[in-house]
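Asker: Given next are the chains, with one letter for each unit.
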Amino acid sequence: MKRAPLLFLNVFIIAICGLIYELLAGTLSSYVLGDSVTQFSIIIGTYLFAMGVGSYLSRFVDKNIANRFVEVELAVAVVGGFSAPLLFLTFANLSYFAIVLYGIVFIIGMLVGLEIPLLMRILKDELDFKDLVSRVLAFDYIGALVASLLFPIFFVPRLGLNRTSLLFGMLNAAVAIWGTWLLEPLLKKHITLLRVKGAVIIILLAIAFIKSDKLTTLAEDSLYVDNIIYSKSSHYQRIIVTKGKTGYALFLNGNLQFSSFDEYRYHEALVHPVFSTFRGEPKRVLVLGGGDGLALREIEKYPSVEYIQLVDLDPDMTNVSNAVPALGELNHHSFHDPRVHVTNADAFVWLDTVESDPFDIVVIDFPDPNNFALGKLYTTRFYNLLKKKIRPDSAIVVQTTSPLMARMSFWCIAATLEAAGYDVKPYYTTVPSFGVWGYALASLSPFDAPSKVRDGIDTKFINAEMMPSMFEFPKDTSRPDEPVEVNRLDNQALVRYYESEWRRFEQ
Amino acid sequence: MPLSRRELLTLFLGAPFAFAACRDTSAKRLPEGEIVGQSANIGHILREGRTFEVPPTNWETKRVVIVGAGIAGLSAAWRLKGKGFDDVAIIELEKEPGGTSRSGVGKPVNYPWGAHYLPVPFAENADLVTLLDEMSLLEPRGPNGEIHAKEEFLCREPEERVFYKGRWYEGLYLNAGASQEDKRQFDAFYAEVNKWINFRDGKGRRAFVLPVEHCSDDADATALDKLTFADWLTQNGFDSERLRWYCDYACRDDYGLKLEETSAWAGLFYFCSRVKKSGDESQPFITVPEGNGQFVNHFVSKVGDKVRKNWMAVSIEPKESGVEITCLVDGTLRGIKAEKVIFAGPMFTAAYAIRGFRENPPFDASEFQHNAWFVANLHLNERPKVRFTSDFPLAWDNVLYESPSLGYVTATHQKGMDYGPTTLTYYYPMCAEQNARTTLFDYDRDQIAEVCLSDMERAHKDIRELATRLDVMRWGHAMISPRPNFIWSGVRQKAMQPYRNIHFAHTDLGGVALFEEAFYHGLRAADAIVQNNARS
Chain A
1 MKRAPLLFLN
11 VFIIAICGLI
21 YELLAGTLSS
31 YVLGDSVTQF
41 SIIIGTYLFA
51 MGVGSYLSRF
61 VDKNIANRFV
71 EVELAVAVVG
81 GFSAPLLFLT
91 FANLSYFAIV
101 LYGIVFIIGM
111 LVGLEIPLLM
121 RILKDELDFK
131 DLVSRVLAFD
141 YIGALVASLL
151 FPIFFVPRLG
161 LNRTSLLFGM
171 LNAAVAIWGT
181 WLLEPLLKKH
191 ITLLRVKGAV
201 IIILLAIAFI
211 KSDKLTTLAE
221 DSLYVDNIIY
231 SKSSHYQRII
241 VTKGKTGYAL
251 FLNGNLQFSS
261 FDEYRYHEAL
271 VHPVFSTFRG
281 EPKRVLVLGG
291 GDGLALREIE
301 KYPSVEYIQL
311 VDLDPDMTNV
321 SNAVPALGEL
331 NHHSFHDPRV
341 HVTNADAFVW
351 LDTVESDPFD
361 IVVIDFPDPN
371 NFALGKLYTT
381 RFYNLLKKKI
391 RPDSAIVVQT
401 TSPLMARMSF
411 WCIAATLEAA
421 GYDVKPYYTT
431 VPSFGVWGYA
441 LASLSPFDAP
451 SKVRDGIDTK
461 FINAEMMPSM
471 FEFPKDTSRP
481 DEPVEVNRLD
491 NQALVRYYES
501 EWRRFEQ
Chain B
1001 MPLSRRELLT
1011 LFLGAPFAFA
1021 ACRDTSAKRL
1031 PEGEIVGQSA
1041 NIGHILREGR
1051 TFEVPPTNWE
1061 TKRVVIVGAG
1071 IAGLSAAWRL
1081 KGKGFDDVAI
1091 IELEKEPGGT
1101 SRSGVGKPVN
1111 YPWGAHYLPV
1121 PFAENADLVT
1131 LLDEMSLLEP
1141 RGPNGEIHAK
1151 EEFLCREPEE
1161 RVFYKGRWYE
1171 GLYLNAGASQ
1181 EDKRQFDAFY
1191 AEVNKWINFR
1201 DGKGRRAFVL
1211 PVEHCSDDAD
1221 ATALDKLTFA
1231 DWLTQNGFDS
1241 ERLRWYCDYA
1251 CRDDYGLKLE
1261 ETSAWAGLFY
1271 FCSRVKKSGD
1281 ESQPFITVPE
1291 GNGQFVNHFV
1301 SKVGDKVRKN
1311 WMAVSIEPKE
1321 SGVEITCLVD
1331 GTLRGIKAEK
1341 VIFAGPMFTA
1351 AYAIRGFREN
1361 PPFDASEFQH
1371 NAWFVANLHL
1381 NERPKVRFTS
1391 DFPLAWDNVL
1401 YESPSLGYVT
1411 ATHQKGMDYG
1421 PTTLTYYYPM
1431 CAEQNARTTL
1441 FDYDRDQIAE
1451 VCLSDMERAH
1461 KDIRELATRL
1471 DVMRWGHAMI
1481 SPRPNFIWSG
1491 VRQKAMQPYR
1501 NIHFAHTDLG
1511 GVALFEEAFY
1521 HGLRAADAIV
1531 QNNARS
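Those sequence lines, one after another, are chains A and B. Residue 507 is where the first sequence ends in the working numbering, and the numbering goes up by one at each step. Residue 1536 is where the second sequence ends in the working numbering, and the numbering goes up by one at each step.
Keep in mind the hints are simulated off the structure, nothing from the lab. Cβ atoms here follow ideal geometry from the backbone N, Cα and C, with glycine treated the same way. Careful: at least some of the hints might be erroneous.
Not everything, but these chain B residues come out facing chain A in the computed CB check (under 8 Å) [what the hints assert, rightly or not]:
1. 1126
2. 1151
3. 1156
4. 1157
5. 1158
6. 1393
7. 1415
8. 1418
9. 1419
Listed next, with one range per pair, are the computed distances between beta-carbon atoms [what the hints assert, rightly or not]:
10. 460/A x 1278/B: 56 to 64 Å
11. 479/A x 1146/B: 22 to 30 Å
12. 1034/B x 283/A: 49 to 57 Å
13. 141/A x 1419/B: 53 to 61 Å
No more than 30 Å apart at the CA atoms, straight line, and that leaves these computed lysine-lysine pairs for DSBU-like [stated by the list, open to error]:
14. 211/A x 1461/B
15. 1309/B x 1062/B
16. 1203/B x 1183/B
17. 1415/B x 388/A
18. 211/A x 1385/B
19. 1107/B x 387/A
20. 1107/B x 1415/B
21. 232/A x 1415/B
22. 1183/B x 1195/B
23. 1150/B x 387/A
24. 1461/B x 387/A
25. 388/A x 1309/B
26. 388/A x 1195/B
The whole structure should be built from the sequences, with the hints applied where relevant.
Answerer: Below you can see the structure in the form of structure tokens.
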């Protein structure tokens, strides 16, 4: 009979699909839960164990073996095909993610484990046992090799995780339908029904494939170059974490907040100059914004610091490094430091209503002022409220957007701090994923620009050679000749500067 | 008179609203709440013209009695206290002082029940500047004596937005979709306004300035009072629909009158009186969550001990020397013999309360006409959902273009609270309704709440789910109506003259319902008594 070689091809494709699903699960779990060694190890173990369970269960299938075989293939197509989209949808609720993940891996493994013994039993009358075992297993392992090569080289870069998953689901279902012809003589009744089921599954997967943008992350896949591994609509904003070749990136409402590739440049430049500016031993530090915990990581390097108060609006933001363990690794689990005290509040309202002892150092790391609710956090009123939380010699640093892309905005923040009575020293550095990026040091008493990082502090970026140069502005970013408006609650000049300046770069 | 929901809405919002709102026939949710403030019945006792006999033991004496604890009465008491007059009583019909500047206390912030802002005064308005300094609302004077309010009290941007055809736009004037002709007319309108801002008469007086008493009485300016603002616009070739809407909104907002009902003088007053010189921005607004309740609270902190709440003056009888005031307090009659009275209630009530007024009227009290309003405070547990990310965000003042209401102000805005629970204060001047006052008092809380929610729902589909409470204030006689031939008819000048030992003080005397007017007339009446005392 001619059936056997074609059925081996069938085995080959089944093997590819099975391994693809396994790789998808392993990749997704290491993206989301971090620690790829552990994740891949557990996924592979679970998958192989589940295959064993499936193989064992195959002994209980006595009747209509060919029908069962096709049905199992269709089931793999459904569960495997939808596995990645389903896992993406469960990101938002991480407590269920592990359950869904291992559940899917186990079910796919079990079904795949059922397939091979059933197929061998179908073919046992047509081949020698010796031939049968050697060929089935050979094709199975060849399939595994092909899958493991194609997955990283072709499918993930070209199709992304969701479409890869859906495509293999369709392939799986197509093979099952093809099987109904190959096994036609052995199939007992319901052949048409099996074919209809297969067609319906292919159509559903195809729809999902076409709509996969919306299905997965509401069209965000197309916005982000890299794969989205965490997405959550919190009460205040949409938080997205992506994972790509250069590492992890975090977006708030579509705006990049950091990229793990170069965030150390941003955060070292944010934190170390202000520590060098403060003359005494800094003990109490206030962080406004900074819910990613990366500024905390730098602050925690200073042994004299006894108390760090962090105020960030969004509990989902201050929790993101728990939700995405890779980010916890990136910030060195900075929220677990006992010196850190987190308050989730709007910093403007917090400054206005909460009493507190004065702080030595204040690190202000808000998102860029692209709306009025953020714009108020850069007003004279805000900086005046801040005076209740500091002493004359306290040192403050503010992230002040790009002096190159948004020159007026940058100098508007500096002018606003000056109008509120601070001595101000603006500076900048280069953060490749952001561009030329700016900050402002401020204090109520006059101070000199710092020249080096404090002794004993380990950095990857800043050194004594370059720190003074951060305060020297080239022509295209220096203070404009035209007067710059002061940002006040009743004019929100900054939001208007910012909008008009950044709009130039929108498509 | 039970009305169906559709009849109710037709009456208020017009048929299109009613049909739109009734398409969904399922019962819609109403948040709990109540009518706040006094019922109209108490005030209407005055109209019955009864005679009242005070038991002899219930009489007391006071140097000055102020009738009415609105802004005018409280300002008068504040001034008298400053001049060393301590033997003063302020009697107030309602259970709280403040009149239409009253406010409510609540979470997350307090909220207004009426007037909710004050434009920063010119330096010339020295008395008002003194008050604002006393309240620590102002920065130290600028090098040339400029008045600047502290940043936290100046209305925070974004100040206004307007809802039109399903979207929110920045500002009050609808720029979106304006044609070249619309824009030309808008600029031409402001050219006219600027002409009037720069106007000075032979005595160097402005045409429009606060208080109205300082405005020029030059015939060129006062002739504007003889026609309606609508006619003035037409005569000047302004037919742009959105410009006329903008002017109509201004009239409804400041006077509770339609464009066709408002005096052109009053209409231009709105645009001219708060601008120092042509080309300048209008004076910025001072506001806090409780609105002008902050002024009431300040006055109460100074003279609150003199305020007698739930005291109703049923008879004010001028005598040979002094005045006898009969009050109804908790069903008993109490009398006060005063040397002087400051009558700081709406002017039309003078005819009912003051003995002998109607027999020999010093002025025609019926010329002082008022309109009806309702104000609703909606307490929300969350901000309304943003429908389009490109919509202009929630502002302080949020106006619905296609609505007879004035929209709503956001109480939490000034405090920088941009998330979570808030209170929205919804204003509805009843200038389009027939028999507005009767209609208003025939409606119960649920019916008024339904009007408010049906209107708000057009902009905020989720408003019913978000509202945890909706209280309503019915203002039967909310604001003086500056219809044509009122402000410059001469009646105000007559009413500013004392009637025997009774001095009148009320925003009615300015012809426009504004804090500055009430304050000015309160001080004017108090000063007259102080000077009179110095002479005698």
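Asker: For each hint, tell me whether it holds in the structure or not.
Answerer: Outcome of the hint check:
1. 1126: Check failed: Cβ of residue 1126/B comes no nearer than 24 Å to chain A, outside 8 Å.
2. 1151: Check passed: Cβ of residue 1151/B comes within 5 Å of chain A, closer than 8 Å.
3. 1156: 4 Å, holds
4. 1157: Where the cut-off is 8 Å and the nearest Cβ of chain A is about 4 Å from residue 1157/B, the hint holds.
5. 1158: Nearest chain A Cβ about 6 Å off; hint holds.
6. 1393: Since the shortest Cβ distance to chain A is 6 Å, the answer is holds.
7. 1415: 7 Å, holds
8. 1418: This hint holds: residue 1418/B lies near chain A, its Cβ roughly 4 Å from the closest one there, short of 8 Å.
9. 1419: 6 Å, holds
10. 460/A x 1278/B: 56 to 64 Å: Distance hint for residue 460/A, residue 1278/B holds at roughly 60 Å.
11. 479/A x 1146/B: 22 to 30 Å: The hinted range 22 to 30 Å holds for residue 479/A and residue 1146/B, with Cβ atoms some 27 Å apart.
12. 1034/B x 283/A: 49 to 57 Å: The hint (49 to 57 Å, Cβ to Cβ) holds, given that residue 1034/B and residue 283/A are roughly 53 Å apart.
13. 141/A x 1419/B: 53 to 61 Å: Since residue 141/A and residue 1419/B have Cβ atoms about 57 Å apart, the given range 53 to 61 Å holds.
14. 211/A x 1461/B: 28 Å, holds
15. 1309/B x 1062/B: With Cα atoms ~17 Å apart, residue 1309/B and residue 1062/B stay inside 30 Å; holds.
16. 1203/B x 1183/B: 36 Å, violated
17. 1415/B x 388/A: 17 Å, holds
18. 211/A x 1385/B: Holds, because 26 Å separates the two Cα atoms, which is no more than 30 Å.
19. 1107/B x 387/A: Holds - the C-alpha atoms of residue 387/A and residue 1107/B are around 27 Å apart, at most 30 Å.
20. 1107/B x 1415/B: 13 Å, holds
21. 232/A x 1415/B: Satisfied, since the Cα-Cα distance of roughly 28 Å is no more than 30 Å.
22. 1183/B x 1195/B: 18 Å, holds
23. 1150/B x 387/A: 16 Å, holds
24. 1461/B x 387/A: 42 Å, violated
25. 388/A x 1309/B: 40 Å, violated
26. 388/A x 1195/B: At roughly 47 Å apart (the allowed maximum being 30 Å), residue 1195/B and residue 388/A break the hint.
The structure fails hints 1, 16, 24, 25, 26 (numbered hints given earlier, in ascending order).
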